[in-house]
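Model the placement of chain S on the given structure of chain E, informed by the hints.
These protein sequence lines are chains E and S, in that order.
Numbering-wise, numbering that gives the first Met the number 0 puts 46 at position 47 of the first sequence, and it's gapless, one number per residue.
Numbering-wise, numbering that gives the first Met the number 0 puts 13 at position 14 of the second sequence, and it's gapless, one number per residue.
These aren't lab readings, by the way, just hints derived from the structure by calculation.
As the structure is a prediction and not an experimental result, all values here were calculated from the model.
Just so you know, even glycine gets a beta-carbon here, dropped at the ideal spot from N, CA and C.
Keep in mind that the hints are not guaranteed to be accurate.
[Unchecked claim] Below are the DSS-like pairs computed for lysine-lysine, each with C-alpha atoms no more than 27 Å apart in a straight line:
1) Lys-168/E to Lys-225/E
2) Lys-168/S to Lys-206/S
3) Lys-108/E to Lys-169/E
4) Lys-58/E to Lys-1/S
5) Lys-58/S to Lys-1/E
6) Lys-58/E to Lys-58/S
7) Lys-340/S to Lys-340/E
[Unchecked claim] Not the full set, but computed from the structure, chain S residues with beta-carbon under 10 Å of chain E:
8) Thr-19
9) Gly-42
10) Arg-44
11) Gly-280
12) Gly-300
13) Thr-391
Protein chains: 2
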Amino acid sequence: MKIEIISTGEEVLSGQITDTNSSWVCQLLEEHGLQVSRRSTVGDRREDLLAVFQERSQKAEVIIVNGGLGPTVDDLSAEIAAQALGESLVRRREWVERLEEMFEKSGRKLNPENLKQAMLPPSAEIIDNPVGTACGFMIQLNDALLYFTPGVPYEFKRMMTHEIIPDIKKRFHIETVCRLRRLHCFGIAESRLDGLLRDISLPDTVKLGFRAHLPTIEIKIMGLSKSEETLTVEMDRVADAIRERVADRMIYEGDGSLQQEIQDAMIARNHTLALAESCTGGMIAEQLVHVAGSSAYFERGFVTYSNEAKIESIGVPPELIERHGAVSAEVAEAMARGAQKTAGVSHALSVTGVAGPEGGSEEKPVGTVAFGLATPDKVHVQMLRAPNWGRTRIRTISAAVALDMLRRDLQGLDPFGHYDLTRTVSTKTV
Amino acid sequence: MKIEIISTGEEVLSGQITDTNSSWVCQLLEEHGLQVSRRSTVGDRREDLLAVFQERSQKAEVIIVNGGLGPTVDDLSAEIAAQALGESLVRRREWVERLEEMFEKSGRKLNPENLKQAMLPPSAEIIDNPVGTACGFMIQLNDALLYFTPGVPYEFKRMMTHEIIPDIKKRFHIETVCRLRRLHCFGIAESRLDGLLRDISLPDTVKLGFRAHLPTIEIKIMGLSKSEETLTVEMDRVADAIRERVADRMIYEGDGSLQQEIQDAMIARNHTLALAESCTGGMIAEQLVHVAGSSAYFERGFVTYSNEAKIESIGVPPELIERHGAVSAEVAEAMARGAQKTAGVSHALSVTGVAGPEGGSEEKPVGTVAFGLATPDKVHVQMLRAPNWGRTRIRTISAAVALDMLRRDLQGLDPFGHYDLTRTVSTKTV
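The shape of chain E in the complex, shown without the other chains:
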């Protein structure tokens, strides 16, 4: 089936708003086995809207049109759809009643602008929107079915999944079921995943997709079949094969994050955490606190950016810094021990590194980072070298490696992982 997207709106066209809706819907359609062949973006000008509806409806069978259903004068989608059809807009009773109901419930007054949202081409089929005032609608124009959808992401996503995807499947007699599993891993380069998973034989019903969210990578297992039962078995088999190959670099499945995984595991075990961050500069704390409920295990963080801070706030011996330098396994160890003791917690993580652009030496070039993980009975220390991909990426990778040490330890694994992106300089457990 030939399926296309039309995004509308001046701010989308000019790039003021990043068009996340169309990325999202392309992926949704792909997960349902429907491949988009073109996306067109136009502004709010009548002639451009009319041209894109007329032209694309002669080329595609299904078109998702996004945006332009709001109550303001530059929301023109319904008007131009009517013009393309050679019809005049009419006020549709069904939607006026829904609007009246909606406004009465919330105690607000229905204003004339909202009534504009019930003006549709007479031949349009209304598509329900229980979470907003703009109804969607579907028209047949030339060779295509055009589905008009609201720009508000929450309303758009609900309408696509609950109304439009089932409608397309029904109209085009697509009897397949779709299932999606998402595995997230850390430490594998995207360029190596293909090779790593190449020997997994995929049934015709299952496709793989990768998506990098630096520093983690998502492996999507997309299943599409007429039999839900067989599909589940087949997808489980593929997921098991992936897990076997990705092994300890797999961090979680489904929604969530490395930070959420750590939070859940720490709270379940009654552990508490402190941080001593130098080059990451608060990035790890910020990522942990981002997750609601983090106060149940995250006790405090020290951003010990200067040597004095390392010495005074968490008791790093000055002679260690003098002898080994602030970026050293010895100082990382002392930082983790110091944070653990000062905060009176069960676990502490430390990071100290050369994030650049200045400050590198021949022995410790930009990208050299030392990590410490203090647990109730041991301290694990490692020094890695990240590629010099710039300050921000070095810091981002460092934060992820530190958290991954903790994740691995919590899962009973060796805290020292092998990461494609970094070279291990040294490891030590004391």
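Just chain S, lined up with the frame of chain E:
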């Protein structure tokens, strides 16, 4: 002039890669007075590429085609351009020589894949790319000039500004000069800017544009005129009028950031800074350390997430927390004083608030945040209420307000700003 964009590539079409190039180029063209009327996105399939080149070249006068110039088999732009023209690809000596030169200089060996990048339609005009191995090229197809450009953002941007924009201006006899000034402000709601600046009379040569980068807003002053001299005067007048209205909510002009402004001012005055963060949880430290060179003034940060951390790490009196609660002007003041004293610095910022989703009360609902700024002679404390727009946005706004207090103080302004987004509960200077 009718100008369009064509973006190519499976990963751009599927939304795996956010198409920042086309947003960027739309804005660049707008700054030069050229308005894009449509953007089309297609994957790497031959028939889709051919169709989009054929169709759009009958509608537009200028088309910027982005992507597909790389050395791999799915880089098809040149091949399909030749097909559309009814030509066969030929190896272009000019570019082979440039490649040989480039590779010799860097001591690498030219491989056959790179020679593919010199295969162009015979009628194409080569566009120089001094920073990559893919040359750009221009063809005349149907009614349009098609400019083919590389997908690598750095190469694309250089080619657009240095080669293609001047070429378009020359060919279409556009003799105007373009100037852009960007003013960044904090604390004004985007919805209010229009009203605030409405009475500024704009000459025909000057346009305004707004762009929100939460929590700051950028005001773009775009000038377009035949006389550079008059334009500068006119733009200066508009900029002055905007500065007058935005007043103390203006934070900087041009490139940069609030964090960079603060860093420059702190270093110039030999000041040093410590942080005591509760609800922002390291976000402020992270933003400051993001700027290279921050170690010259940023001494350390305390992420005092628990009450014990506030008491033990920076000496907040426990009875203050007991009497007023951890989110209070009193505790914010003690946190700022404590961080200043503990770190031995000239300045300290503190933040303590209810970021939610849990933890709010009737007196202190989610969104209530207290701030402290300790300077060598005074401590400024304020308590604000941010709208409950979710944990992340509350924390983002809080980090910006804290930094803005410091920015205002460094600029000799009252440290307490009036922000459209927040309601001031109390302010105090001791």
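Structure-based check of all given hints:
no.: 1; hint: Lys-168/E to Lys-225/E; result: holds (12 Å)
no.: 2; hint: Lys-168/S to Lys-206/S; result: holds (20 Å)
no.: 3; hint: Lys-108/E to Lys-169/E; result: violated (38 Å)
no.: 4; hint: Lys-58/E to Lys-1/S; result: holds (22 Å)
no.: 5; hint: Lys-58/S to Lys-1/E; result: holds (22 Å)
no.: 6; hint: Lys-58/E to Lys-58/S; result: holds (16 Å)
no.: 7; hint: Lys-340/S to Lys-340/E; result: holds (22 Å)
no.: 8; hint: Thr-19; result: holds (8 Å)
no.: 9; hint: Gly-42; result: holds (7 Å)
no.: 10; hint: Arg-44; result: holds (7 Å)
no.: 11; hint: Gly-280; result: holds (3 Å)
no.: 12; hint: Gly-300; result: holds (3 Å)
no.: 13; hint: Thr-391; result: holds (7 Å)
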